[in-house]
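Kindly produce the complete structure, drawing on both the sequences and the hints.
Quick mapping for you: the protein sequence lines, in order, are chains A and B. Here our numbering is used: the first residue of the first sequence is 1, the next is one more, and so on. Here our numbering is used: the first residue of the second sequence is 1, the next is one more, and so on.
The hints are simulated quantities; they were obtained by calculation from the structure and are not laboratory data. There could be a bad hint or two in this list.
Put simply, identical chains are the same to the list, so a pair is met inside one copy or across any two.
Each computed PhoX-like pair below joins lysine-lysine, with the alpha-carbon atoms no more than 25 Å apart [what the hints assert, rightly or not]:
hint	residue 1	residue 2
1	K27	K105
2	K198	K254
3	K138	K105
4	K105	K77
5	K174	K226
6	K226	K138
7	K140	K174
8	K272	K175
Number of protein chains: 2
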Amino acid sequence: MNYNQLFEQIKRKQSFLCVGLDADITKIPQFLLDEEDPIFEFNKRIIDATAQYTVAYKPNTAFYEAQGVAGWHSLEKTINYINLIYEDIFVIADAKRGDIGNTSKMYAQAFFDHFDCDAVTVAPYMGSDSVLPFLEFKNKWVVLLALTSNQSSHDFQLQNIENTDNNLFETVLKKSKEWGDKENMMYVVGATKAEYLKQIRKIIPDNFLLVPGVGAQGGSLQEVAKYGINESCGLLVNSSRGIIYANTTADFDKEAALKAREMHLEMKEILKSNKLI
Amino acid sequence: MNYNQLFEQIKRKQSFLCVGLDADITKIPQFLLDEEDPIFEFNKRIIDATAQYTVAYKPNTAFYEAQGVAGWHSLEKTINYINLIYEDIFVIADAKRGDIGNTSKMYAQAFFDHFDCDAVTVAPYMGSDSVLPFLEFKNKWVVLLALTSNQSSHDFQLQNIENTDNNLFETVLKKSKEWGDKENMMYVVGATKAEYLKQIRKIIPDNFLLVPGVGAQGGSLQEVAKYGINESCGLLVNSSRGIIYANTTADFDKEAALKAREMHLEMKEILKSNKLI
Chain A
1 MNYNQLFEQI
11 KRKQSFLCVG
21 LDADITKIPQ
31 FLLDEEDPIF
41 EFNKRIIDAT
51 AQYTVAYKPN
61 TAFYEAQGVA
71 GWHSLEKTIN
81 YINLIYEDIF
91 VIADAKRGDI
101 GNTSKMYAQA
111 FFDHFDCDAV
121 TVAPYMGSDS
131 VLPFLEFKNK
141 WVVLLALTSN
151 QSSHDFQLQN
161 IENTDNNLFE
171 TVLKKSKEWG
181 DKENMMYVVG
191 ATKAEYLKQI
201 RKIIPDNFLL
211 VPGVGAQGGS
221 LQEVAKYGIN
231 ESCGLLVNSS
241 RGIIYANTTA
251 DFDKEAALKA
261 REMHLEMKEI
271 LKSNKLI
Chain B
1 MNYNQLFEQI
11 KRKQSFLCVG
21 LDADITKIPQ
31 FLLDEEDPIF
41 EFNKRIIDAT
51 AQYTVAYKPN
61 TAFYEAQGVA
71 GWHSLEKTIN
81 YINLIYEDIF
91 VIADAKRGDI
101 GNTSKMYAQA
111 FFDHFDCDAV
121 TVAPYMGSDS
131 VLPFLEFKNK
141 WVVLLALTSN
151 QSSHDFQLQN
161 IENTDNNLFE
171 TVLKKSKEWG
181 DKENMMYVVG
191 ATKAEYLKQI
201 RKIIPDNFLL
211 VPGVGAQGGS
221 LQEVAKYGIN
231 ESCGLLVNSS
241 RGIIYANTTA
251 DFDKEAALKA
261 REMHLEMKEI
271 LKSNKLI
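Put into C-alpha cells, the structure is as follows:
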C-alpha cells in the first residue's frame, strides 16, 4: 500500500485507528481455550468486529513468539486472514527488528515476502545498513523507532548529541531522512511524548507517525492530533489493550467494537476540524 | 549457565568459540534439500561436527523467520537438540529484541522459558524497562548491543553525548551497569571495532563480550584477544559464515569441523599465553 492509498482509506473510514493485536493467551477470554487455535480465533473475532473502524492492524510478534511454533502459526494465520478478507487494511508487524545488512535482509523477507505485511517496526541503533534492506521492497514500509512511549525512553533517546542542537531521537529522524522518504518511512512516536510532536513535525512534516501509548499507557488522542496531524493526516494511532481486552466475556468482540467505534468517532471529529474529510 | 560454569567450559575445551547458526536455505548444501527439514539437518550436522571445539551456539532468528512457521520449527528443533545432546554448551538466541516492559517480558518468556536458551541479544534503544524483564530469569543472560560490527554502527553508536566524555555506546555500557552485572549481562562488541576494546574494558572489565565479525566481516582474533581478554577469558568470539559455509559438498560438516578446530587451536594458544589454562 502506498502513501495516497493509506490516506484515501483514512478518509473513507473516517479513522486513523490502528488496533494492536497483542494476543496474550493468559488474557484472552477463557472460553476460547477450547478452540483449536485460541489466539487466531481471538484475533479473527476482534478483526471482524473492529475492521470497519480500523485502517491498520499491528500484531506484536512478542506475544506470538512466547507460544513458540504454535504462536508463529497463529500469527501467520492472522496476517493471512486480514490480507484475504480485508485487503485494504494496512498490516504492521511490530517486531522492532534490525541487524547487520545481510541479516536485516532476511527479516525483510520474513515480514514482506513470507508474511506479506505492509510494514515492519525497526530499531535504529545499528544505523543505516540495518535499515536499508527493508527499504528495497516496493510499497512496503519501515516504521523506525524514534521516541518510544515507555518511561525509560529518556535513557538514551533524549540524550543530547554534542555539537548539534539535537538529541538522539532527533538525530535518528534527521539521519534517516537520507535513507527513505514519506512513501516508505514512518516513525514511532509515543503518545505519552506528545509535547515533542511540534519539534518532530519540523523535522519530518510529511511522514506518517505510528503513535502507540493512547489508553493503557496514558497518552491523549487530542494532544497527539493537535501537534501531529498533517495534510494527509500523517497519523496512525494505536490502541491495543484498551480495545482487545475491553471485556473478557462471550461479548468481548462487541465490546472491542464499541471501543474502536468510540475512537473512530473522536478521530472523525478531528479529521473534520482539520478539514481532511 | 552461570559465569563460572561458562569459564570452566572454556578452560575444559580450550576454546571461546561461538558458532553462528545462520542457516540460509539458499546457501546450505543442496543435497540437504531432500531431507524433511533441511535446515535442522544442516544445523545438526554442523553441531555434531563442531561441538568439541565450541562453547556456544548462536542461531540468528532472522534466518529462521524468513522461512515462516517451518523456519521457527527448525529453530526449535535445533535449540532442543543442543540442549539435549550437548547440555553444557551455551545457547544464544541472536534476536536483537527489545520493547516496552510488558512486551519484553513476552520475548523473555519466548527465549528463556519456551526455547530454554541461555541468552538473548537485546537492543538498547528503548532503555532500561525494555531490558530489565530479561534480567529477571535466574542464570539467563542479556547480551546487550553496544558497538556492533557493521559499517554503519557509527551512525549513532559513535555520536558523542553532550556534557560527558562518552559516546552513545559508552553511555549504554555505563547506564546498563546499573541494570545487571557480570552474572547476567554480556555485550556485543564487533571484532571490526577492536581498537575500542581497551576503553570498553575500562568501563566493563569483568563482563563477557560476544564478539562477532571475525572472518567474513574482517575482524582479527588476535586483536580482539589482545585488548578484550580478562581473568575469566571474558570473550565469546563468534564465527558464522567462515565455519558453516566453508564447504557445500557432502563433506561440509568435516570442513566446518576443520575451520572450528583451527579457531580452537588459535584460541588455545591465546588462553595459554594469558595463563588461563
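Hints the structure fails to honour: Hints 2, 6 and 8 contradicted; others consistent.
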